[in-house]
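Here the sequence shown stands for residues 1 to 300, numbered as in the working numbering.
Derived by calculation from the structure, the hints in this document are not laboratory data. For every residue, glycine included, the Cβ atom is placed at its ideal position computed from N, Cα and C. Among the clues, some could well be false.
Result set (SDA-like, lysine to any residue): computed pairs, CA atoms no more than 20 Å apart in a straight line [unchecked claim]:
{"no.": "1", "residue 1": "K61", "residue 2": "A179"}
{"no.": "2", "residue 1": "K61", "residue 2": "Q84"}
{"no.": "3", "residue 1": "K92", "residue 2": "L47"}
{"no.": "4", "residue 1": "K9", "residue 2": "K69"}
{"no.": "5", "residue 1": "K9", "residue 2": "V82"}
{"no.": "6", "residue 1": "K88", "residue 2": "N53"}
{"no.": "7", "residue 1": "K61", "residue 2": "V82"}
Derived Cβ-Cβ restraints for the label pairs, each shown as a range [what the hints assert, rightly or not]:
{"no.": "8", "residue 1": "D109", "residue 2": "G204", "range": "41 to 51 Å"}
{"no.": "9", "residue 1": "G119", "residue 2": "A41", "range": "40 to 50 Å"}
{"no.": "10", "residue 1": "D109", "residue 2": "A41", "range": "16 to 26 Å"}
{"no.": "11", "residue 1": "R24", "residue 2": "S113", "range": "46 to 56 Å"}
{"no.": "12", "residue 1": "G142", "residue 2": "E18", "range": "35 to 45 Å"}
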Amino acid sequence: MTLWHRQYKVIFPEINLEYANTIRVQFAVEKDLTKETNKSALSLYNLSEDSRNRIEVADRKVEIWAGYKDNTGPVRLFVGTVTQSETKENDKDVETKLTLADGNVAIRDTAFSLSFAPGTSGNRVLQTIANAMGLPLVLGEGVQFGTFVNGYSFVGTAREALDGVCYHSGCSWSVQNDALQVIMNGGVFANRGLVFSAGSGLIGSPERIIRANPKTDKDTPKRRRRQQARKEKPEKQSGWKIKTLLAPTVTPGDAVKVESRIITGWFRVESVKHQGDTHGGDWISEMNLIERLTYTDEQQ
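Take the sequences, apply the hints, and build the full model.
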């Protein structure tokens with residue numbers, strides 16, 4: 001795709017400021033399924049002094065949109081807040097570089113005391129936590145919560161509350177684009193029907209990944225019960241690393257299909273890195289994929 005096909009928007013919604021297909025912009029967005037906040041480095045060039053003063057503010061909210069003119073235009077790629085900023089001269093340009101984190105304020109600042117009566121559903125508890133964090137709650141395929149037979153009470157941070165509720169239901173949580181995402185351990189968030197092949201964005205050949213268990217592999221009755229109940233993530237994983245044209249809608253936990261000379265099948269996105277430069281260089285996505293042997297074409 002030629003450079004003029006690339007489109008972007010950088011929005012600062014709190015101050016009603018937007019840049020769209022004008023100044024030079026670079027971004028590097030890294031997302032995964034861990035409880036650590038997703039990160040992005042965003043550089044904007046040759047801003048006015050007034051604009052720099054308005055955006056170089058701790059916890060300032062930023063949205064990065066990117067895509068292609070001939071394919072829906074820019075879509076929302078990342079939402080985060082400013083954790084660090086710096087401005088420096090770079091040859092003849094002035095570069096303002098922002099370091100962003102997704103969900104940082106919600107995770108950092110939310111603490112509460114909760115108390116629910118016997119028989120309260122786990123969904124209600126989870127929704128209450130999400131409301132307190134100010135984040136919409138989105139559930140992956142097959143996510144189900146039981147009830148707290150003896151009630152539920154908690155005092156502490158939102159992170160600790162989420163750990164407890166999700167652990168006992170065999171789920172994991174992360175913040176993706178300013179939303180609280182909960183998926184089953186080993187499960188997927190969504191199947192967006194994305195297929196990557198030589199004719200639909202795949203660059204080069206997939207690279208094989210084998211991830212060994214860093215801990216002693218002890219086969220115990222307790223571990224077998226937890227694995228059967230899908231409450232323990234697989235410790236030995238195999239998959240692939242692929243590079244594609246920029247795929248801004250891809251989110252960790254998504255199910256995607258790869259069609260290439262050496263592999264064809266459905267996989268779960270474990271992590272993704274989006275990189276872009278509006279004035280040359282990369283406009284790509286790199287994904288680490290884990291094999292999903294039970295995912296079939298019928299689930300497309």
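Quick rundown of the hints versus the structure:
{"no.": "1", "hint": "K61 to A179", "result": "holds, 14 Å"}
{"no.": "2", "hint": "K61 to Q84", "result": "holds, 12 Å"}
{"no.": "3", "hint": "K92 to L47", "result": "holds, 13 Å"}
{"no.": "4", "hint": "K9 to K69", "result": "holds, 12 Å"}
{"no.": "5", "hint": "K9 to V82", "result": "holds, 17 Å"}
{"no.": "6", "hint": "K88 to N53", "result": "holds, 14 Å"}
{"no.": "7", "hint": "K61 to V82", "result": "holds, 7 Å"}
{"no.": "8", "hint": "D109 to G204: 41 to 51 Å", "result": "holds, 42 Å"}
{"no.": "9", "hint": "G119 to A41: 40 to 50 Å", "result": "holds, 47 Å"}
{"no.": "10", "hint": "D109 to A41: 16 to 26 Å", "result": "holds, 23 Å"}
{"no.": "11", "hint": "R24 to S113: 46 to 56 Å", "result": "holds, 48 Å"}
{"no.": "12", "hint": "G142 to E18: 35 to 45 Å", "result": "holds, 38 Å"}
Violated hints for the displayed structure: none, as all numbered hints are satisfied.
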